[in-house]
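A.B. asks: The listed protein sequences derive, respectively, from chains S and Y. Taking numbering that gives the first Met the number 0, I'd label the letters of the first sequence as residues 0 to 234. Taking numbering that gives the first Met the number 0, I'd label the letters of the second sequence as residues 0 to 411.
Think of the hints as simulated: they come from the structure by calculation, not from any bench. Just so you know, nobody snuck in bad clues.
Computed, partial: chain S to chain Y, Cβ under 7 Å:
| # | residue |
| --- | --- |
| 1 | A54 |
| 2 | E58 |
| 3 | N128 |
| 4 | A166 |
| 5 | R221 |
Pairs of lysine-lysine, DSS-like flavour, derived with a Cα cap of 25 Å:
| # | chain 1 | residue 1 | chain 2 | residue 2 |
| --- | --- | --- | --- | --- |
| 6 | Y | K102 | S | K207 |
| 7 | Y | K281 | Y | K252 |
| 8 | Y | K252 | S | K207 |
| 9 | Y | K230 | S | K62 |
| 10 | Y | K252 | Y | K102 |
| 11 | S | K175 | Y | K102 |
Since we're looking at a predicted model, the values are computed, not measured. The beta carbon of each residue, even a glycine, is placed where N, CA and C say it ideally should be.
If you want the building blocks of each chain, they are given just below.
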Amino acid sequence: MQPMLRHMFLLTALLLNASFLAAQEAAPAIYYPAPRAAWSTDVSIGLRVLTVPRAIAEEEINKAPAVDVQIAMGLPWQFAVDGRMVLQYVTNHFRAGLRWTYRFGPLSAGIGDDAAFWFGFFDFEGFDNSMSGWINYPNLSLGWDFGDVRLTARGEAIYLMSQRSLAGENEVSSTKNRIAGGALTLVLEQPFWHDTHALLGVRLAWTKFHYQSWFAFSTFDRRLLFSELLFGLLL
Amino acid sequence: MKYAALIFLLMFFVACEDEVAVPVPEIDPDAELAGTGALSDAALEALEGVYEVVDGQSLLGREAVVKRTGRTVSIFTDRDAGYCVLSSGEADSSILFAGYWRKQTGTETGVFRAQIGAERGGRGLLRGQRSAAGGTIILGDFGNATGKGTRPIQLVYRRPLYSGESPFLIVAHRAGGRNSDQLPASENSAELVRLAEGFGANGVEIDVQLSADGVPVIYHDADMNLRLNEKSGLVGSVSDYTIAQLESFVRLKNGERIPTLKRMLATILRQTTLRFVWLDSKASVPVAMLREIQRSYEDSARILGRDLTIVIGLPDQAKVEELLRMPDYRSALVLCETDLESVRRTDAEIWAPRWTLGTQNEAVAEVQAEGRRVITWTLDQAEYIQQFIRDGRFNGILSNYPSLVAYYYYVQ
Chain S
0 MQPMLRHMFL
10 LTALLLNASF
20 LAAQEAAPAI
30 YYPAPRAAWS
40 TDVSIGLRVL
50 TVPRAIAEEE
60 INKAPAVDVQ
70 IAMGLPWQFA
80 VDGRMVLQYV
90 TNHFRAGLRW
100 TYRFGPLSAG
110 IGDDAAFWFG
120 FFDFEGFDNS
130 MSGWINYPNL
140 SLGWDFGDVR
150 LTARGEAIYL
160 MSQRSLAGEN
170 EVSSTKNRIA
180 GGALTLVLEQ
190 PFWHDTHALL
200 GVRLAWTKFH
210 YQSWFAFSTF
220 DRRLLFSELL
230 FGLLL
Chain Y
0 MKYAALIFLL
10 MFFVACEDEV
20 AVPVPEIDPD
30 AELAGTGALS
40 DAALEALEGV
50 YEVVDGQSLL
60 GREAVVKRTG
70 RTVSIFTDRD
80 AGYCVLSSGE
90 ADSSILFAGY
100 WRKQTGTETG
110 VFRAQIGAER
120 GGRGLLRGQR
130 SAAGGTIILG
140 DFGNATGKGT
150 RPIQLVYRRP
160 LYSGESPFLI
170 VAHRAGGRNS
180 DQLPASENSA
190 ELVRLAEGFG
200 ANGVEIDVQL
210 SADGVPVIYH
220 DADMNLRLNE
230 KSGLVGSVSD
240 YTIAQLESFV
250 RLKNGERIPT
260 LKRMLATILR
270 QTTLRFVWLD
280 SKASVPVAML
290 REIQRSYEDS
300 ARILGRDLTI
310 VIGLPDQAKV
320 EELLRMPDYR
330 SALVLCETDL
340 ESVRRTDAEI
350 WAPRWTLGTQ
360 NEAVAEVQAE
370 GRRVITWTLD
380 QAEYIQQFIR
390 DGRFNGILSN
400 YPSLVAYYYY
410 VQ
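Produce the entire structure from the sequences given, and follow the hints as far as they go.
C.D. replies: Written out as structure tokens, the structure reads:
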């Protein structure tokens, strides 16, 4: 996994660098789906904390914090690209996508599609496991600009494209190609401290599978609620 | 931060989660089979086999295992970890079945009725004669939980069940399965252990804690919580309360009492044909106390002519050292979950490595060559169960899905 960690570090450095190069014309935002100036870039760095449902976590630790790095960059014709890395060492998720945005008064809307690759590995305390997969997230966003504060609701489907796991020397691959569920994210982006901005939100996923709970090897073919608290500083 | 309240309100809302039980369908097998006679042991064993599913593949897939499970007959499939638990009876040289089906990965369940007509193999089976391929046909139907929306079932006998050189242990976790799988009885209850054979198990694992007045009781977590029991007003560790308090004030998730270890073993001994019990000794319960109870129930099993092995599980190094401090530790049958050195030091009958370490065929063969058995835990994923049975060398598997283990083992 060493090369993978090196790539993650490089990607983080690139994202940070991009934020300093970007010309900021408006208050920074990652989620708010208003059209942004072409090539203008916003970056957020923060934390997200997932609560794994009791049915899966039982008496084990059911809070999973992770570092969350997000980037949004404007493109011509009201398009934008999004990127996100969720890093937790044992589980890591890289997501990128394209969206088209439109603004009408204080309201903004966006439609997009993201693809994500994730992987996890565990090699201690009786575990010798790894798992990886591809997920697709078609999404719709609706935002309201209150002035200083912008509220965004983003709905997305969670479509599992493929998964692969390894226990000891035993490998299992399965192409799921199925909708696992959906998620609703509510985010506030607003001034935080002096000239800084922050985002605060919650993501509620109603899904049969959540990548951050992979090591529980859940067998349930029913949807469970995974809630995440998000906090990020907009750079 | 004026909208933060909205978000935190939402967080509070989603923090409230609970499992909904899956009720056993509205069918009374005793009433359905009123007037029929009980099948002989020979007839029950003769109908066992791998059957081709001609009608009913949405429930049972293409191939199903029909297996006698104690006094019930079960059908196992790899489709959605599904199974049927059926009572049986004979009338006019035919064999009748009534019971329920369940898809354990989800919450679907319903009623199941079938029969083997006299001329479709029933007459021969009742004489204890196994049929040739195609010689036994099970016809019936299955519906939803209220018996409506029925669809036809047709199973045709194809071949006998696989049987290895030594009996394979299919061990049901927590006396039959987890509460999160929404079974008809609570995990680690005496009520569930009576159902475990119907799910495909021939052994069970149970979790032993100690009450404040020194009575071993069956409960998984160290602290009482709403995952395992109804609201009781009692909080904190199980070991903070006496057995009288636990029995008076605590009801498990489906309303049962917390069983004592002795009550659980008596139930297993007298009301099931299970042949293996794994006592998972939690931190609070002394190994020496488990040894005394193990000895007592081994004697009872011998007197009753029951083939029952009870092993004391050693989940960690602290329990290994505790056992080794006992002067007669070699007389106890133990199952060691830790490393191979501890397996040898304790002279454990069974080594039980976690499944996430893989099949470890070389280490397993080495331990088996020393006359020990190896059981892996807790393996629930269908793909891995299939792979571990096909490629592994284990003597048994501990699972929350004993029906899946049974299916993949017997169809080999």
